[in-house]
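Listed in order, the protein sequences are those of chains A and B.
Going by our numbering, the first sequence opens with residue 1, and the numbers climb by one from there.
Going by our numbering, the second sequence opens with residue 1, and the numbers climb by one from there.
Since the hints were made in silico from the structure, they are not lab data.
One or more hints might be untrue.
[Said to hold, decoys possible] Pair by pair, the computed Cβ-Cβ distance ranges are:
(1) A:106 to B:33: 36 to 42 Å
(2) B:405 to A:106: 31 to 37 Å
(3) A:112 to B:145: 29 to 35 Å
(4) B:144 to A:108: 21 to 27 Å
(5) A:108 to B:195: 42 to 48 Å
(6) B:145 to A:108: 42 to 48 Å
(7) A:122 to B:278: 23 to 29 Å
(8) A:124 to B:405: 18 to 24 Å
(9) B:364 to A:38: 36 to 42 Å
(10) B:396 to A:108: 23 to 29 Å
(11) B:283 to A:128: 30 to 36 Å
[Stated by the list, open to error] Straight-line C-alpha distance at most 25 Å; calculated DSS-like pairs for lysine-lysine:
(12) B:157 to A:110
(13) B:216 to B:330
(14) B:183 to B:373
(15) A:110 to A:145
(16) A:110 to B:216
(17) B:25 to B:283
The beta carbon of each residue, even a glycine, is placed where N, CA and C say it ideally should be.
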Amino acid sequence: MTSPVATAYILGYGNPGRRDDGLGPALVARLESLRIPDVVLDSDYQLNIEDGAAIAGHDHVLFVDAAESGPEPLELKPVRPASSIEFTSHAVSPEAILAICEDHFSAAPKAWTLGIRGYDFDFVEGLTPRAQANLEEAVAFVIEKVRTWKETNYG
Amino acid sequence: MATAADTGKRKIVINPVTRVEGHGKVTIHIDAAGNVEQARFHIIEFRGFERFVQGRFYWEAPVMVQRLCGICPVSHHLCAAKATDVIVGADKLTPAAEKIRRLMHYGQTFQSHALHFFHLASPDLLFGFDAPVEKRNVIGVIQAYPDVAKQAVLMRKYGQEVIKATAGKKIHGTGAIPGGVNKPLSIEERDFLLKDADTMVQWSVEGLALCKKITKAGGQTLLEFGSFPSNHLSIVREDGCMDLYDGKLRAKDADGNIIFDQVAPADYLKYIGEEVRPWSYMKFPFIRSLGKENGWYRVGPLARVNNCDFIDTPLAEQERQEFMALGGGKPINATMAYHWARMIETLHSAEKIRELLNDPDLQSEDLVVAGEKRPEGIAIIEAPRGTLFHHYEVNNQTDQITRANLIVSTTNNNEAMNRAVNVVAKQYLEGKEITEGLLNHVEVGIRAYDPCLSCATHALGKMRLQVQLVGPDGEVVDEKLRG
């Protein structure tokens, strides 16, 4: 985390050891280098239940994941707390994280998932060229999105 | 940039990559009369481990191997670091390095066990195995026991904070390096963690009390569920004390007789063999002196509590004694006792974290040692799910890893999980149909071992599990898929 007073929380998740699965953390790494004020950045191999506590207190939350199918280069989708949580020890959904946040920490940030299209998920380090290109688009997209959020004061 | 989501012109489908290493499949073979002949638990995972690290530099291993498993990266990180200690000739770490690594390890065990018990096991235990899937899930726990569910989130968060302070980032954690660690624990980090240390111990006591209460209320039915006698394997300290970070191998049989004791990690291949069976990608480890048929064993919390002579933290030791009294001092062989043992270890981990945080060695700058390089490094650690082996061979000219052998906790429990499925299938199969009841019970039996695969998870009371009923001629009589 970079600041306790930030109003946006961007969490990229995935495994950099599984090639394009590392798109989420790669995006966060790129944003870290920009040092955007008032934006908390975090990355992990996967979502975990304690992320429900971490996002409480932020106005906007962006979950960034690799997408194994779907539109190129990326797709943004609003996400709401799940009325029934899909929960596993190996993967918790963004909906579940929001539900834990709401149930336990009485907070309901606006949230989105950003799926960046990937192509290869084998045991290999580094992104494929196509995923790298999608990452570049995603970085620009998120910067623009954050700018809009700030301009509207997270309305 | 306008996306489909913004324009609203088509349905948005984002398919996040499934971050699991495989899925589970159970086949139940029946004879002409419909009796269970054999049930098998197939795990399709863990391919590519060794290939993943071959050719990499040995000093990369502690970082690289974290990517093998997003569930317990710290265990792989520390086990690889211990193996590379051997490679760089660091036979004895500095007190600061060893204690910081231990703190990291107990943080990992604490958060992993808390997650498993409160969010995965407790729905089964609190609502019963036959409860409807709509209720038998973590949401049911949140609604019925909101304080318990919230404590789990905060315990998990605390454990992650311990890991963050000792290992660094969640991805690419670099705390442990060959021969030591790369940073001490600062006074600020120590004080931040210390302020909640007593609360974590208290919540662990309460969680364990809840687990005991549920288990005792379940009585013999719960204790006999999926139960069978087995050998038990773990590391223990030289004096027989439970030690999750370092020690030598001890194996006991189902009656508590020692099979072997104080076996150095470097000698594991003399005592442990690995059998390949054509129907499973996962190997079946066994104790060589007992052979493939009888040498299989359990690992994990149950094996560790059964195997040790004592625990060196007072509250956990008191609980261990109460637990062992159930078997009159002999090992407990009940599958569902895993949960009880897991909570004893949760308490032990909380006590250890508090103890270590008060140790001034953690602020020492004396962090790394080295000696004469060796071409091979073998290490064992007790990961939350059980004994974990890392074995590397290195070309000392190029520093590259030429060969690796990893035996992960779930592999060590492979035969035990198969036995559990077998027992449950025989007990709950009725007719030639896979009922919801049978699925529920198979699921609960596997989950007790907390295996590192998706089918042991708890998605709305379901899991990614394929169960096939196979007739005497090999035909699939019935099939059900969950998850």
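Outcome for the supplied range 36 to 42 Å, where the beta carbon pair is residue 106 of chain A and residue 33 of chain B: 58 Å, violated
Residue 283 of chain B paired with residue 128 of chain A, Cβ distance criterion 30 to 36 Å: 32 Å, holds
Pairwise beta carbon distance, residue 124 of chain A to residue 405 of chain B, judged against the given window 18 to 24 Å: Check passed, 21 Å falls within 18 to 24 Å.
Given pair status - residue 145 of chain A, residue 110 of chain A, alpha carbons within 25 Å: 13 Å, holds
Residue 144 of chain B paired with residue 108 of chain A, Cβ distance criterion 21 to 27 Å: The hint (21 to 27 Å, Cβ to Cβ) holds, given that residue 144 of chain B and residue 108 of chain A are roughly 22 Å apart.
Residue 108 of chain A paired with residue 195 of chain B, Cβ distance criterion 42 to 48 Å: Hint violated: Cβ distance 28 Å, outside 42 to 48 Å.
Straight-line alpha-carbon gap residue 25 of chain B to residue 283 of chain B, limit 25 Å: Holds, at roughly 15 Å.
Consistency of beta-carbon spacing, residue 106 of chain A to residue 405 of chain B, with hint 31 to 37 Å: Since the Cβ atoms of residue 405 of chain B and residue 106 of chain A sit about 49 Å apart, the hinted range of 31 to 37 Å is violated.
Pair hint residue 216 of chain B and residue 330 of chain B, alpha-carbon separation not exceeding 25 Å: At roughly 19 Å apart (the allowed maximum being 25 Å), residue 330 of chain B and residue 216 of chain B satisfy the hint.
Satisfaction of the hinted span 29 to 35 Å by the C-beta atoms belonging to residue 112 of chain A and residue 145 of chain B: Hint holds: Cβ distance 31 Å, inside 29 to 35 Å.
25 Å limit on alpha-carbon distance, applied to hinted pair residue 157 of chain B and residue 110 of chain A: Given pair residue 157 of chain B, residue 110 of chain A holds - Cα atoms ~22 Å apart, limit 25 Å.
Supplied distance hint 23 to 29 Å, evaluated on CB atoms of residue 396 of chain B and residue 108 of chain A: 57 Å, violated
Checked against the numbered hints above, the structure violates hints 1, 2, 5, 6, 10 and 16; every other hint is satisfied.
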